[in-house]
Amino acid sequence: MNARTLSVAKLGAGALALALLAGCAGMPNVPGGIPIPLPGGLSVTTNQVSQLAESAQAATKTYTEPEEIQLGEDLAQGLLGAAPLLPNPGVQRYVNQVGRWLASQTERPNLPWRFGVLDNEHVNAFAAPGGQILMTSGLLNRLNSESELAGVLAHEIAHVLQKHQLEAIAAMGKSGLLKGVGQIAGERALSKAGAGTQLAASAVGGPEAIAGLIVDGFYARPLDRSLEYDADRIGVIIAARAGYDPYGFISVLQMMESLAKDSPFFALINKTHPSPSDRISELEKIASTLDRYQNGDQGAARFAAALGRAAPQAAPQQRAPAARPPAARSPAKAPTPAPKPAPAAAPKTAPGK
Amino acid sequence: MNAFHPLRLLAVFLLAASATPLAWAQAVGTTNRATELKADPRSDAATVASLPRDTAIVDIGRSSGWIRVQTGDKKTGWVRSFHISMKGNISESSSGGSFLGGLGSLFSPVRREPPKTISTVGIRGLSEEEMKNAKPNPAEFNKMKSYAVSKADAQAAAQRARLNPQTVAYVDANGNPIPGGGK
Numbered sequence: 000m001n002a003r004t005l006s007v008a009k010l011g012a013g014a015l016a017l018a019l020l021a022g023c024a025g026m027p028n029v030p031g032g033i034p035i036p037l038p039g040g041l042s043v044t045t046n047q048v049s050q051l052a053e054s055a056q057a058a059t060k061t062y063t064e065p066e067e068i069q070l071g072e073d074l075a076q077g078l079l080g081a082a083p084l085l086p087n088p089g090v091q092r093y094v095n096q097v098g099r100w101l102a103s104q105t106e107r108p109n110l111p112w113r114f115g116v117l118d119n120e121h122v123n124a125f126a127a128p129g130g131q132i133l134m135t136s137g138l139l140n141r142l143n144s145e146s147e148l149a150g151v152l153a154h155e156i157a158h159v160l161q162k163h164q165l166e167a168i169a170a171m172g173k174s175g176l177l178k179g180v181g182q183i184a185g186e187r188a189l190s191k192a193g194a195g196t197q198l199a200a201s202a203v204g205g206p207e208a209i210a211g212l213i214v215d216g217f218y219a220r221p222l223d224r225s226l227e228y229d230a231d232r233i234g235v236i237i238a239a240r241a242g243y244d245p246y247g248f249i250s251v252l253q254m255m256e257s258l259a260k261d262s263p264f265f266a267l268i269n270k271t272h273p274s275p276s277d278r279i280s281e282l283e284k285i286a287s288t289l290d291r292y293q294n295g296d297q298g299a300a301r302f303a304a305a306l307g308r309a310a311p312q313a314a315p316q317q318r319a320p321a322a323r324p325p326a327a328r329s330p331a332k333a334p335t336p337a338p339k340p341a342p343a344a345a346p347k348t349a350p351g352k
Numbered sequence: 000m001n002a003f004h005p006l007r008l009l010a011v012f013l014l015a016a017s018a019t020p021l022a023w024a025q026a027v028g029t030t031n032r033a034t035e036l037k038a039d040p041r042s043d044a045a046t047v048a049s050l051p052r053d054t055a056i057v058d059i060g061r062s063s064g065w066i067r068v069q070t071g072d073k074k075t076g077w078v079r080s081f082h083i084s085m086k087g088n089i090s091e092s093s094s095g096g097s098f099l100g101g102l103g104s105l106f107s108p109v110r111r112e113p114p115k116t117i118s119t120v121g122i123r124g125l126s127e128e129e130m131k132n133a134k135p136n137p138a139e140f141n142k143m144k145s146y147a148v149s150k151a152d153a154q155a156a157a158q159r160a161r162l163n164p165q166t167v168a169y170v171d172a173n174g175n176p177i178p179g180g181g182k
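Chains A and B, in that order, are what the protein sequence lines are. 191 is the number that numbering that gives the first Met the number 0 gives to position 192 of the first sequence; each next residue is one higher, with no gaps. 42 is the number that numbering that gives the first Met the number 0 gives to position 43 of the second sequence; each next residue is one higher, with no gaps.
Hints in this document: simulated from the structure, not taken from any laboratory. Possibly wrong hints are sitting among the right ones.
[To be verified] Within a straight-line C-alpha distance of at most 30 Å, the following computed BS3-like cross-link-like pairs (lysine-lysine) qualify:
#1 B:K134 to A:K270
#2 A:K162 to A:K270
#3 A:K260 to A:K284
#4 A:K162 to B:K144
#5 B:K131 to B:K144
#6 B:K131 to A:K260
#7 B:K131 to A:K162
#8 B:K144 to B:K134
#9 B:K74 to B:K37
#10 B:K74 to A:K260
#11 B:K37 to A:K162
#12 A:K270 to A:K260
#13 B:K131 to B:K142
#14 A:K162 to B:K73
#15 B:K150 to A:K162
#16 B:K73 to A:K260
#17 A:K284 to A:K162
#18 A:K284 to B:K37
#19 B:K37 to B:K73
#20 A:K270 to A:K284
#21 A:K270 to B:K131
[Said to hold, decoys possible] Listed next, with one range per pair, are the computed distances between beta-carbon atoms:
#22 B:K134 to A:Q161: 24 to 30 Å
#23 B:A33 to A:D290: 19 to 25 Å
#24 B:T46 to A:T63: 56 to 62 Å
#25 A:A309 to B:A38: 36 to 42 Å
#26 A:A266 to B:T46: 37 to 43 Å
#27 B:Q158 to A:N294: 16 to 22 Å
#28 B:D72 to A:A300: 29 to 35 Å
#29 B:P176 to A:N294: 43 to 49 Å
#30 A:S274 to B:G174: 18 to 24 Å
#31 A:R291 to B:A151: 27 to 33 Å
#32 B:D72 to A:R220: 43 to 49 Å
#33 A:N294 to B:G174: 16 to 22 Å
#34 A:A300 to B:A151: 22 to 28 Å
Predicted model, so just to flag it, every value in this text is computed and none were measured. Just so it is clear, CB atoms sit at the ideal spot from N, CA and C, and this is done for glycine as well.
Let the hints inform the model, and build the full structure from the sequences given.
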């Protein structure tokens, strides 16, 4: 699909809304359709709108990979507008090392995978299309090992591989849920069309329109339960491929099982996911597979070092849930020397290309 | 779960609280089926005790698919993770966990909140309501890009950590390998 087809798709979301408005007003049968004024003195007719809407419905399903990536980057910008990054470069790079290694074990190893820790006490993690993944410090601080972190990141990686969020966005467009976003994106494309310029310089309406997806509740709506179970199953396999103990993820779910019912910081993740108990039950069905890799690395010492915690006491088997110092706030060194001591402010070219 | 008495757990919790008074979060649970308490985290390890379903336990450690537990009668050993359902936590929530029905207030030695890591920003931003204020933050996104690690650098880090990659196919809901399900 080329950029033109896509821009029609973008236009479609807004056009659908316009068409609905026109329909509600009791549209008389005017040849050529009723002119609808747009910002900037432009106009479009209802007939054009309905044509665009049809094209949009046909086109929303298919995004090229660059468009998928652009959409995800814009979504990540929006999430970062809701909560900033944890100001700890050592922790950020550590999480990227683990996440990028996991992503390299998958069928999409060359996406521009990026991982970020949001400075927020809510317990949650988010996947955006094309390889942008964010988790909260509230979640990170409740983990005990690198294999648990790997479990969390691999679940989100699985959502990206399966394009779950991308398809949810396409579905939102079709169902008319993209209220504000659709209009902004649609108006932009329309005004560009009116000016006779190349349609859709930005594949999906730009960061403001895409942040509007979040405003419209994109990350507050659950995916289908079966997709979460799929991501759980794919995630534990990815963790095992990367050399980790896949049971790290079961530990994370059990942490959530013990805490989620009573803490306000779990409210959103509770709303958007099956219960931890149900997720554990689903994973028990593949226990024989998990058992084959249970001697994988747990990385408790590396994890503690990266987060600036005291080293875990004794052997991993004897680990008790110890008192945890405030983890990630003060800069800590990554456990392995950073490959390049990149200054925090220097933008880097996309990895993996 | 059927008949489970919070009071029975109380003894377990008091035990746990005295054993590890500084723990900020002590997960408690019950066996979700009849199972065995093992001396080591292996299915062929010696059996310490047979635990009926709904036996109260405190989680005192992990090893892969096994949880190290302490029971109300002071037995310690290992139980398969899948055989435990977590019921609450004796320190993090305000009530001591819904499971405890308020008995958590008896556990004054245990810290009631996890350490605050986010002192300046607080919790603003990621509740459902707060997400309605999302706006693009290109500066933070540029920072996120600057922290990205290349595939080659991630591989080098994994080698230094002696992570040993495995060949594993994806599996379906019943654990059967998916044909063509990856390496």
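We went through each hint and held it up to the structure:
no. : hint                         : result
1   : B:K134 to A:K270             : holds, 23 Å
2   : A:K162 to A:K270             : holds, 21 Å
3   : A:K260 to A:K284             : holds, 24 Å
4   : A:K162 to B:K144             : holds, 21 Å
5   : B:K131 to B:K144             : holds, 25 Å
6   : B:K131 to A:K260             : holds, 24 Å
7   : B:K131 to A:K162             : holds, 24 Å
8   : B:K144 to B:K134             : holds, 18 Å
9   : B:K74 to B:K37               : holds, 10 Å
10  : B:K74 to A:K260              : holds, 28 Å
11  : B:K37 to A:K162              : violated, 42 Å
12  : A:K270 to A:K260             : holds, 11 Å
13  : B:K131 to B:K142             : holds, 23 Å
14  : A:K162 to B:K73              : violated, 49 Å
15  : B:K150 to A:K162             : holds, 21 Å
16  : B:K73 to A:K260              : holds, 27 Å
17  : A:K284 to A:K162             : holds, 24 Å
18  : A:K284 to B:K37              : holds, 22 Å
19  : B:K37 to B:K73               : holds, 14 Å
20  : A:K270 to A:K284             : holds, 24 Å
21  : A:K270 to B:K131             : holds, 16 Å
22  : B:K134 to A:Q161: 24 to 30 Å : holds, 28 Å
23  : B:A33 to A:D290: 19 to 25 Å  : holds, 20 Å
24  : B:T46 to A:T63: 56 to 62 Å   : holds, 58 Å
25  : A:A309 to B:A38: 36 to 42 Å  : violated, 28 Å
26  : A:A266 to B:T46: 37 to 43 Å  : holds, 41 Å
27  : B:Q158 to A:N294: 16 to 22 Å : holds, 19 Å
28  : B:D72 to A:A300: 29 to 35 Å  : holds, 34 Å
29  : B:P176 to A:N294: 43 to 49 Å : violated, 20 Å
30  : A:S274 to B:G174: 18 to 24 Å : holds, 21 Å
31  : A:R291 to B:A151: 27 to 33 Å : holds, 29 Å
32  : B:D72 to A:R220: 43 to 49 Å  : holds, 47 Å
33  : A:N294 to B:G174: 16 to 22 Å : holds, 18 Å
34  : A:A300 to B:A151: 22 to 28 Å : holds, 25 Å
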